[in-house]
Structure formats: structure tokens, C-alpha cells
Amino acid sequence: MNMKLVQLPLHLSPDHALTLIDFLDQLQSTLWNHYGDAIQRDLRATTHTDHSTQDFDDSVSF
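Just add 148 to wherever you are in the sequence shown, counting from 1, and you've got the working numbering.
Be aware that one or more of the hints could be misleading.
Claimed, not checked - Quick list of simulated restraints, FRET-style, between CB atoms:
| # | residue 1 | residue 2 | range |
| --- | --- | --- | --- |
| 1 | Ser161 | Tyr183 | 29 to 39 Å |
| 2 | Leu168 | Val208 | 32 to 42 Å |
| 3 | Leu166 | Asp206 | 47 to 57 Å |
| 4 | Leu175 | Asn150 | 17 to 27 Å |
| 5 | Thr194 | Leu158 | 46 to 56 Å |
| 6 | Pro162 | Ala193 | 39 to 49 Å |
I should point out that these hints are in silico values taken from the structure, not numbers from a laboratory. Using N, Cα and C, we set each Cβ at its ideal position, and we do this for glycine too.
The task is simple: from the sequences and hints, build the whole structure.
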């Protein structure tokens, strides 16, 4: 995946800043509605850990 970073101006008027926030909210909603299930599936697949292969040899003093 290639990602190109875009430098955003930091001198927006409050009206333009609100417009940008609204756009980003709509973009997030659209992407989540379209790709949400696949994103969750991929995250579960990459974060799943097989606990049976972990070495628990901690020296815990009680």
C-alpha cells in the first residue's frame, strides 16, 4: 500500500475548518460502511495470538 501524505494548511478560517471536519466525518462514515466488515476481519486475523505457543516462564514470587 502506498500512502501519500498531504500537508494541510494550518491557517484555515473557522468556516473552512468546519467544512473540512464535516468532509472527514463523511469520508470516515463512507469508508466504514463500505469496508468496516473487512477491516474488522483483517484486524482480528492479525491480532489473533495462539496462546498455546507462548512461553510462560515468569518467575513470580508470592
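Tested hints:
| no. | hint | verdict |
| --- | --- | --- |
| 1 | Ser161 x Tyr183: 29 to 39 Å | holds, 32 Å |
| 2 | Leu168 x Val208: 32 to 42 Å | violated, 51 Å |
| 3 | Leu166 x Asp206: 47 to 57 Å | holds, 52 Å |
| 4 | Leu175 x Asn150: 17 to 27 Å | holds, 19 Å |
| 5 | Thr194 x Leu158: 46 to 56 Å | violated, 34 Å |
| 6 | Pro162 x Ala193: 39 to 49 Å | holds, 42 Å |
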